[in-house]
Amino acid sequence: MPNMRTRHILSVSGGKDSAALAIYMRNKVPDLEYVFCDTEKELPETYDYLGRLEAVLGKRIMVLKHDGRGFDHWLSVYRGYLPSARMRWCTKHLKLRPFEFYVGDSAVVNYVGIRADEDREGYVSTKPNIKPVFPFKEDGICYSDVRRILQESGIGEPSYRSWRSRSGCYFCFFQQKIEWVGLLERHPKLYELATKYEKVDETSGKRFTWSDRESLEELARPERIAAIKAEHEKRVGTDKANGGRLVDIFEDDTYPQPCLICTL
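End of the sequence shown = 299 in my numbering, gap-free, step of one.
FYI, nobody ran anything at the bench for these hints, they're computed from the structure. Everything numeric in this text was worked out from a predicted model, so none of it was measured. Heads up, the beta-carbon is just placed ideally off N, CA and C, and yes, glycines get one too. Fair warning: there could be bad hints in the mix.
Restraint ranges, calculated between C-beta atoms of paired labels, are given here [as the list claims (entries may be wrong)]:
{"#": "1", "residue 1": "Met97", "residue 2": "Glu220", "range": "25 to 35 Å"}
{"#": "2", "residue 1": "Asp83", "residue 2": "Val144", "range": "25 to 35 Å"}
{"#": "3", "residue 1": "Ser197", "residue 2": "Glu89", "range": "16 to 26 Å"}
{"#": "4", "residue 1": "Leu228", "residue 2": "Pro257", "range": "17 to 27 Å"}
{"#": "5", "residue 1": "Pro257", "residue 2": "Gly93", "range": "42 to 52 Å"}
{"#": "6", "residue 1": "Val64", "residue 2": "Gly191", "range": "18 to 28 Å"}
For lysine-lysine, the following BS3-like pairs were computed, each having C-alpha atoms within a straight-line distance of at most 30 Å [to be verified]:
{"#": "7", "residue 1": "Lys231", "residue 2": "Lys264"}
{"#": "8", "residue 1": "Lys76", "residue 2": "Lys241"}
{"#": "9", "residue 1": "Lys63", "residue 2": "Lys162"}
{"#": "10", "residue 1": "Lys100", "residue 2": "Lys234"}
{"#": "11", "residue 1": "Lys172", "residue 2": "Lys162"}
{"#": "12", "residue 1": "Lys94", "residue 2": "Lys162"}
{"#": "13", "residue 1": "Lys269", "residue 2": "Lys212"}
{"#": "14", "residue 1": "Lys127", "residue 2": "Lys94"}
{"#": "15", "residue 1": "Lys94", "residue 2": "Lys76"}
{"#": "16", "residue 1": "Lys264", "residue 2": "Lys224"}
{"#": "17", "residue 1": "Lys212", "residue 2": "Lys224"}
{"#": "18", "residue 1": "Lys234", "residue 2": "Lys224"}
When you get a sec, could you build the whole thing from the sequences and use the hints?
Right, dumping it as C-alpha coordinates:
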(Lines of atoms letter the chains of each structure in order from A and count residues from 1; the text may use other names and numbers.)
(Lines give C-alpha, C1' and ligand atoms only; values in the text may rest on other atoms or scores of the structure.)
Protein backbone atom coordinates (compact mmCIF):
# COMPACT_ATOMS: atom_id res chain seq x y z
CA MET A 1 0.00 0.00 0.00
CA PRO A 2 1.39 3.44 -0.89
CA ASN A 3 2.06 5.82 1.96
CA MET A 4 -0.99 8.10 1.99
CA ARG A 5 0.77 10.86 3.92
CA THR A 6 2.17 13.53 1.63
CA ARG A 7 5.91 13.84 2.09
CA HIS A 8 7.78 17.09 1.55
CA ILE A 9 11.27 16.61 0.12
CA LEU A 10 13.93 19.14 -0.82
CA SER A 11 16.91 17.98 -2.86
CA VAL A 12 20.24 19.69 -2.25
CA SER A 13 23.17 19.43 -4.66
CA GLY A 14 25.90 21.23 -2.76
CA GLY A 15 25.15 24.36 -4.77
CA LYS A 16 24.18 27.81 -3.55
CA ASP A 17 20.56 27.86 -4.76
CA SER A 18 19.42 24.58 -3.22
CA ALA A 19 21.26 25.46 0.00
CA ALA A 20 19.50 28.82 0.15
CA LEU A 21 16.15 27.15 -0.51
CA ALA A 22 16.77 24.63 2.27
CA ILE A 23 17.40 27.48 4.70
CA TYR A 24 14.48 29.50 3.34
CA MET A 25 12.01 26.63 3.78
CA ARG A 26 13.25 25.15 7.07
CA ASN A 27 10.62 26.87 9.25
CA LYS A 28 7.88 26.94 6.63
CA VAL A 29 7.23 23.23 6.12
CA PRO A 30 6.87 20.75 9.01
CA ASP A 31 8.74 17.46 8.61
CA LEU A 32 10.64 18.68 5.56
CA GLU A 33 13.09 16.02 4.35
CA TYR A 34 16.48 16.97 2.88
CA VAL A 35 18.21 14.61 0.47
CA PHE A 36 21.49 14.57 -1.46
CA CYS A 37 22.18 12.11 -4.29
CA ASP A 38 25.85 11.19 -3.92
CA THR A 39 27.87 10.15 -6.99
CA GLU A 40 30.94 9.51 -4.77
CA LYS A 41 32.81 11.87 -7.13
CA GLU A 42 31.89 15.26 -5.73
CA LEU A 43 34.43 17.93 -4.87
CA PRO A 44 35.77 17.98 -1.29
CA GLU A 45 34.36 21.51 -1.04
CA THR A 46 30.90 20.14 -1.81
CA TYR A 47 30.98 17.55 0.97
CA ASP A 48 32.28 20.20 3.36
CA TYR A 49 29.49 22.59 2.37
CA LEU A 50 26.83 19.94 2.92
CA GLY A 51 28.21 19.31 6.42
CA ARG A 52 28.02 23.00 7.20
CA LEU A 53 24.49 23.15 5.79
CA GLU A 54 23.39 20.35 8.10
CA ALA A 55 24.71 22.38 11.04
CA VAL A 56 22.71 25.42 9.94
CA LEU A 57 19.55 23.39 9.37
CA GLY A 58 19.96 21.41 12.57
CA LYS A 59 18.79 18.40 10.63
CA ARG A 60 20.37 15.49 8.80
CA ILE A 61 20.61 15.48 5.01
CA MET A 62 19.81 11.97 3.79
CA VAL A 63 22.47 10.65 1.39
CA LEU A 64 20.99 8.64 -1.50
CA LYS A 65 22.61 6.18 -3.90
CA HIS A 66 21.07 3.87 -6.48
CA ASP A 67 21.40 0.41 -4.92
CA GLY A 68 24.18 1.88 -2.80
CA ARG A 69 26.43 2.09 -5.86
CA GLY A 70 28.43 5.02 -7.16
CA PHE A 71 29.87 6.21 -10.44
CA ASP A 72 32.52 3.50 -10.91
CA HIS A 73 29.93 0.72 -10.77
CA TRP A 74 27.82 2.30 -13.50
CA LEU A 75 30.87 3.05 -15.60
CA SER A 76 31.61 -0.69 -15.64
CA VAL A 77 27.97 -1.41 -16.55
CA TYR A 78 28.39 0.91 -19.54
CA ARG A 79 31.66 -0.84 -20.43
CA GLY A 80 33.82 2.19 -19.80
CA TYR A 81 31.75 4.50 -22.01
CA LEU A 82 32.10 7.91 -20.39
CA PRO A 83 28.92 9.95 -19.89
CA SER A 84 28.54 12.97 -22.15
CA ALA A 85 26.07 15.68 -23.11
CA ARG A 86 24.56 13.20 -25.57
CA MET A 87 24.60 10.23 -23.19
CA ARG A 88 23.85 11.43 -19.66
CA TRP A 89 23.67 8.05 -17.98
CA CYS A 90 25.30 9.53 -14.88
CA THR A 91 22.30 11.78 -14.22
CA LYS A 92 19.88 8.91 -14.80
CA HIS A 93 21.54 6.40 -12.48
CA LEU A 94 23.21 8.63 -9.89
CA LYS A 95 20.70 11.45 -9.45
CA LEU A 96 17.23 10.64 -10.80
CA ARG A 97 16.78 6.96 -9.95
CA PRO A 98 18.08 7.23 -6.36
CA PHE A 99 15.58 10.02 -5.74
CA GLU A 100 12.65 8.17 -7.27
CA PHE A 101 13.55 4.97 -5.42
CA TYR A 102 13.68 6.91 -2.13
CA VAL A 103 10.28 8.45 -2.88
CA GLY A 104 8.69 5.16 -3.89
CA ASP A 105 4.92 5.41 -4.29
CA SER A 106 4.45 8.10 -1.66
CA ALA A 107 2.70 11.32 -2.56
CA VAL A 108 5.53 13.85 -2.61
CA VAL A 109 5.93 17.60 -2.91
CA ASN A 110 9.44 18.18 -4.29
CA TYR A 111 10.94 21.63 -3.63
CA VAL A 112 13.19 22.87 -6.45
CA GLY A 113 15.63 25.78 -6.08
CA ILE A 114 15.13 27.67 -9.34
CA ARG A 115 15.13 31.43 -8.83
CA ALA A 116 12.65 34.01 -10.08
CA ASP A 117 15.30 35.60 -12.29
CA GLU A 118 15.99 32.35 -14.17
CA ASP A 119 14.27 31.30 -17.37
CA ARG A 120 14.71 27.55 -17.09
CA GLU A 121 13.10 24.47 -15.62
CA GLY A 122 14.41 21.86 -13.21
CA TYR A 123 13.94 18.14 -13.07
CA VAL A 124 10.26 17.28 -13.18
CA SER A 125 9.60 13.61 -12.54
CA THR A 126 7.25 11.77 -14.85
CA LYS A 127 5.98 9.85 -11.83
CA PRO A 128 2.43 11.04 -11.09
CA ASN A 129 2.97 10.92 -7.33
CA ILE A 130 5.70 13.61 -7.41
CA LYS A 131 4.65 17.25 -7.59
CA PRO A 132 7.45 19.81 -8.15
CA VAL A 133 7.09 23.28 -6.64
CA PHE A 134 9.30 26.35 -7.07
CA PRO A 135 9.15 28.56 -3.95
CA PHE A 136 11.76 31.05 -5.18
CA LYS A 137 9.82 31.66 -8.38
CA GLU A 138 6.56 31.97 -6.48
CA ASP A 139 8.03 34.43 -3.97
CA GLY A 140 10.14 36.46 -6.39
CA ILE A 141 13.48 35.39 -4.90
CA CYS A 142 16.40 36.41 -7.15
CA TYR A 143 20.16 35.92 -7.07
CA SER A 144 20.78 38.86 -4.74
CA ASP A 145 18.23 37.39 -2.31
CA VAL A 146 19.96 34.00 -2.43
CA ARG A 147 23.28 35.62 -1.55
CA ARG A 148 21.61 37.50 1.32
CA ILE A 149 20.00 34.31 2.70
CA LEU A 150 23.33 32.51 2.66
CA GLN A 151 25.23 35.39 4.22
CA GLU A 152 22.66 35.99 6.97
CA SER A 153 22.66 32.28 7.85
CA GLY A 154 26.44 32.39 8.29
CA ILE A 155 27.11 29.63 5.73
CA GLY A 156 27.93 31.86 2.76
CA GLU A 157 28.46 30.46 -0.72
CA PRO A 158 30.39 27.25 -1.46
CA SER A 159 34.14 27.89 -1.51
CA TYR A 160 34.51 26.36 -4.99
CA ARG A 161 32.60 29.39 -6.33
CA SER A 162 35.91 31.26 -6.52
CA TRP A 163 36.96 29.04 -9.47
CA ARG A 164 33.98 26.93 -10.50
CA SER A 165 30.51 28.06 -11.50
CA ARG A 166 28.53 25.04 -10.32
CA SER A 167 28.48 21.95 -8.13
CA GLY A 168 28.62 18.42 -9.55
CA CYS A 169 31.23 15.73 -10.12
CA TYR A 170 34.81 16.93 -10.22
CA PHE A 171 35.11 15.51 -13.74
CA CYS A 172 31.77 16.80 -15.05
CA PHE A 173 31.93 16.99 -18.84
CA PHE A 174 29.97 20.25 -18.77
CA GLN A 175 32.84 22.14 -17.16
CA GLN A 176 34.35 25.09 -18.97
CA LYS A 177 38.00 24.74 -19.97
CA ILE A 178 38.95 27.32 -17.35
CA GLU A 179 37.26 25.16 -14.71
CA TRP A 180 39.37 22.18 -15.72
CA VAL A 181 42.39 24.43 -15.22
CA GLY A 182 40.99 25.35 -11.80
CA LEU A 183 40.67 21.68 -10.89
CA LEU A 184 44.25 21.03 -12.00
CA GLU A 185 45.60 23.91 -9.93
CA ARG A 186 43.54 23.26 -6.80
CA HIS A 187 43.06 19.50 -6.84
CA PRO A 188 45.86 17.99 -8.93
CA LYS A 189 45.20 14.48 -7.57
CA LEU A 190 41.55 14.66 -8.66
CA TYR A 191 42.65 15.95 -12.05
CA GLU A 192 44.99 12.98 -12.34
CA LEU A 193 42.16 10.59 -11.44
CA ALA A 194 39.92 12.22 -14.05
CA THR A 195 42.69 11.78 -16.61
CA LYS A 196 42.86 8.05 -15.89
CA TYR A 197 39.22 7.60 -16.93
CA GLU A 198 40.06 8.74 -20.46
CA LYS A 199 41.08 6.12 -23.01
CA VAL A 200 41.56 5.26 -26.68
CA ASP A 201 39.70 2.39 -28.32
CA GLU A 202 42.52 0.28 -29.78
CA THR A 203 40.27 -1.14 -32.49
CA SER A 204 38.64 2.01 -33.83
CA GLY A 205 41.16 4.56 -32.61
CA LYS A 206 38.32 6.61 -31.16
CA ARG A 207 39.22 8.69 -28.13
CA PHE A 208 36.97 8.87 -25.06
CA THR A 209 37.71 12.12 -23.27
CA TRP A 210 35.84 14.37 -20.83
CA SER A 211 36.52 17.54 -22.78
CA ASP A 212 35.67 17.89 -26.46
CA ARG A 213 38.52 17.77 -28.95
CA GLU A 214 41.33 17.32 -26.42
CA SER A 215 42.38 15.03 -23.60
CA LEU A 216 43.07 16.23 -20.08
CA GLU A 217 46.71 15.38 -20.63
CA GLU A 218 46.75 17.78 -23.60
CA LEU A 219 44.81 20.41 -21.68
CA ALA A 220 47.34 20.31 -18.82
CA ARG A 221 50.28 21.43 -20.96
CA PRO A 222 51.65 24.82 -19.78
CA GLU A 223 51.17 26.49 -23.16
CA ARG A 224 47.58 25.24 -23.36
CA ILE A 225 46.78 26.46 -19.84
CA ALA A 226 48.13 29.90 -20.71
CA ALA A 227 45.99 29.98 -23.86
CA ILE A 228 42.86 28.93 -21.96
CA LYS A 229 43.40 31.64 -19.35
CA ALA A 230 44.00 34.28 -22.01
CA GLU A 231 40.91 33.25 -23.98
CA HIS A 232 38.79 33.21 -20.83
CA GLU A 233 39.81 36.75 -19.92
CA LYS A 234 39.21 37.90 -23.49
CA ARG A 235 35.81 36.24 -23.95
CA VAL A 236 34.03 36.41 -20.60
CA GLY A 237 36.38 38.28 -18.29
CA THR A 238 35.83 38.52 -14.58
CA ASP A 239 32.37 39.18 -13.20
CA LYS A 240 33.22 42.14 -10.95
CA ALA A 241 29.64 42.52 -9.74
CA ASN A 242 29.79 38.94 -8.47
CA GLY A 243 32.75 39.45 -6.18
CA GLY A 244 35.30 38.47 -8.80
CA ARG A 245 33.96 34.93 -9.10
CA LEU A 246 33.89 32.91 -12.28
CA VAL A 247 31.06 33.84 -14.62
CA ASP A 248 28.26 31.32 -14.25
CA ILE A 249 28.06 28.91 -17.17
CA PHE A 250 24.33 29.63 -17.47
CA GLU A 251 25.14 33.23 -18.37
CA ASP A 252 26.80 32.07 -21.59
CA ASP A 253 24.50 30.33 -24.05
CA THR A 254 27.42 29.10 -26.17
CA TYR A 255 27.81 26.25 -23.66
CA PRO A 256 25.52 23.20 -23.52
CA GLN A 257 23.31 23.33 -20.45
CA PRO A 258 24.23 21.11 -17.48
CA CYS A 259 21.79 18.80 -15.74
CA LEU A 260 19.95 20.99 -13.26
CA ILE A 261 19.38 18.27 -10.67
CA CYS A 262 23.19 18.07 -10.32
CA THR A 263 23.94 21.75 -10.19
CA LEU A 264 21.22 23.75 -8.43
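We went through each hint and held it up to the structure:
no. : hint                        : in the structure
1   : Met97 x Glu220: 25 to 35 Å  : 33 Å, holds
2   : Asp83 x Val144: 25 to 35 Å  : 29 Å, holds
3   : Ser197 x Glu89: 16 to 26 Å  : 23 Å, holds
4   : Leu228 x Pro257: 17 to 27 Å : 21 Å, holds
5   : Pro257 x Gly93: 42 to 52 Å  : 47 Å, holds
6   : Val64 x Gly191: 18 to 28 Å  : 24 Å, holds
7   : Lys231 x Lys264             : 24 Å, holds
8   : Lys76 x Lys241              : 25 Å, holds
9   : Lys63 x Lys162              : 25 Å, holds
10  : Lys100 x Lys234             : 27 Å, holds
11  : Lys172 x Lys162             : 22 Å, holds
12  : Lys94 x Lys162              : 27 Å, holds
13  : Lys269 x Lys212             : 14 Å, holds
14  : Lys127 x Lys94              : 27 Å, holds
15  : Lys94 x Lys76               : 24 Å, holds
16  : Lys264 x Lys224             : 21 Å, holds
17  : Lys212 x Lys224             : 18 Å, holds
18  : Lys234 x Lys224             : 18 Å, holds
Violation of the numbered hints given earlier is absent; every hint is satisfied by the structure.
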